[in-house]
Amino acid sequence: MKSGILAAAAAAVVVTATAGAQAATLDTVKSRGFVQCGVNAGLPGFGSPDSAGNWTGLDVDYCRAVAVAIFNDPNKVKFTPLSAQQRFPAIQSGEVDLLSRNTTVTLTRDTSVGLNFAPVTYYDGQGFMVNKKLGVKSAKELNGATVCVQSGTTTELNLADFFRSNNMSYNPVVIESNDEVNAAYFAGRCDVLTTDVSGLAGTRAGVAPVPDDHVILPEVISKEPLAPAVRHGDDQWFDIVKWTINVAIQAEEFGITSKNVDEFVNSKNPDILRFLGTTPGMGKALGLDEKYAYNVVKKVGNYGEVFDRNVGPGTPLKLERGLNALWTKGGLQYSAPFR
Amino acid sequence: MTDNVQSVGLPDERPPANTVGPIAWLRNNLFNTWYNAILTVLVLALLGSAIPPFVDWLFINAHGLDASSAVCRKDNSGACWGFIGEKLRFILFGTFPYEQQWRPLLTIVIFITLLVASCDRRFWKPWLGLVWIAGFLSVAVLMWGGVLGLTPVENTLWGGLPLTLILSVIGLAVAFPAAILLALGRRSNMPAVKVLCVTYIELIRGVPLISLLFMASVMLPLFLPNGVSIDKLLRAQIAFIMFAAAYMAEAIRGGLQAIPKGQYEAADGLGLSYWQKMLKIILPQALAIAIPPLVNTFISFFKDTSLVIIIGLYDLLGAGKAALSDPSWRGFYREAYLFVGVIYWIFCFSMSKYSQKLERDLNRSHRR
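Heads up: the protein sequence lines correspond to chains A and B, in order.
Heads up, the first sequence is in full-length UniProt numbering, so the first residue is 1 and it goes up one at a time.
Heads up, the second sequence is in full-length UniProt numbering, so the first residue is 1 and it goes up one at a time.
Treat the hints as calculated values from the structure; they're not laboratory data.
Note that this is a predicted model, so its numbers are computed, not measured.
Every residue gets a Cβ at the ideal spot worked out from N, C-alpha and C, and that includes glycine.
Possibly wrong hints are sitting among the right ones.
Said to hold, decoys possible - Computed footprint of chain B on chain A; a stretch qualifies when at least three of its residues, placed anywhere within it, have a C-beta under 8 Å from a C-beta of chain B:
1) 41-52
2) 80-92
3) 235-241
4) 314-321
This is chain A alone, in the form it adopts within the complex (with noise of 0.2 Å):
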């Protein structure tokens, strides 16, 4: 019994106090040397640990990006698992840098929760998968069919405005964990699996027994666009984050990568010159490195070398790029010019 009083008062101890939130966000990081970025507790391709430990995904490359444009170092950046109802809670009281959880902007989040979206990162969508034997080719031919949907989401409520306004009917078969839900799709309880075509395509290529048996049809019936955010009330930090995302979109855009960027650092094209710091000015109005483009561009690489290394056709995913292709490849991924 002492040794537990002891042991509780001992624990007491250990409470710690970081700088003020009111001073600038890049100053309290600088002088704790590393950003604190909320990720997902585990989802697949967007922030999971892998099986030594470390983190990997898209949104927890997106943190790195943003240690590398302040610190240089990939790895100046400590991951804080965030469960969807801790992760607004935690960006607002500081606990968190930034947010980099798989998050749909929207107005709501924007004004009321306080957030401040930076470039979106993932444009995602609700969809249907089926199976190939019921040769249905589109959503609209769902009428009557029972949905396997994991309850507690939006994707439930968009399910029911999609039926409802093409006077479909439909059995939803409710489930909460999202393995079970596949289970339950892959045993046959139901007709469709809903959930978002990134979450759909990671299920045929990952879970399914015969990927090529299941079907994902073509209508989005939603709109998420994923992206970073911070809180309001520091301009210099959401500029920093916005500006360190468009880079990777912009690198892409320009051709360059983490392997052939040092061939461009004496580019003609003043544009370049500009984005990669050899004319200064950029990093300078961030209050960054003017090398900064260049240093996540080498060390984290560009917007296509996120994706492909995280979620692509060469990953287990097999994600293709869709609505995330550059705007040049009728895409929506777009840059604000660097100058």
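Take the given structure of chain A and dock chain B to it, following the hints.
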């Protein structure tokens, strides 16, 4: 005349086959009425259809510990123990730095040794408390590091079984004395103390543990001044202690109420002070009576630590779930949950078995 008196005993005959032996046992227990017979046949059929496929899946068609996920996916008729082989260290130790994972391993060993040693009544001496303090200190040193040349490791990186053990063992160790005080306070004659204890117990018991954890992890930081944060693990640990104390207090109160009034009066008659009366007469008996409900609380509390996943800590179950989110190892949740379940079961079953033994030893005077 003596002819018809038999002087040599007949050889012993076996009783009829339908009154002793396995057949009789079957008849008496499984087929004694027509509905029992039907139920027996049904249950046998059910077991017969469930067990062979399960054994096939578990052992015969299973892939070994070194199987890759591609091999497992190609032939998914059996369990893929390659998942456990690959993820064992992550499930057991969470995100603790990989090359330092001997430290949480040693932590597990220390905890289990302490727990097993404390089960032996010969060791129930005052120095056992010192051993526990030494154990806690060495666990703290091992996990945090920063001294003796160990690299410092923040507690946000702790995970897996050590985290589960730290939360539950420290939680119970602190909550237990608090629970005794609460139980005594609730039966106290002093109105203020009584009201305080009753309010505390009813308030905490009136809300689910998950809401306490939410308060501790989500609400509390919003009330604190900007930039000041209390360690996340500590917040969860305090929430657990508060919760366990309230529940155990009620179990102990049950024990206190079972002690006959004569015991209290006898203690008063001997002129013992309140604390002498409680420590020497009442509590030893009351706690012995309260063992079953207390162990019940211990077991459910040990499993409740898995709720810390909602505040982003990877306990044993959370680490198992996170291991499933590796893109190349998705979908092997049966293996993951079975493995984690077996670990939980071993701990809970040992607790339950030990408590039965302890109950027998301590309640000799009450045995009916």
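Against the structure, the hints come out as follows:
1. 41-52: holds (count 10)
2. 80-92: Holds: 9 residues of the stretch 80-92 of chain A have a Cβ under 8 Å from chain B.
3. 235-241: Violated - the stretch 235-241 of chain A has 0 residues with a Cβ nearer than 8 Å to chain B, which falls short of three.
4. 314-321: holds (count 3)
The structure is inconsistent with hint 3 alone, although it conforms to all the rest.
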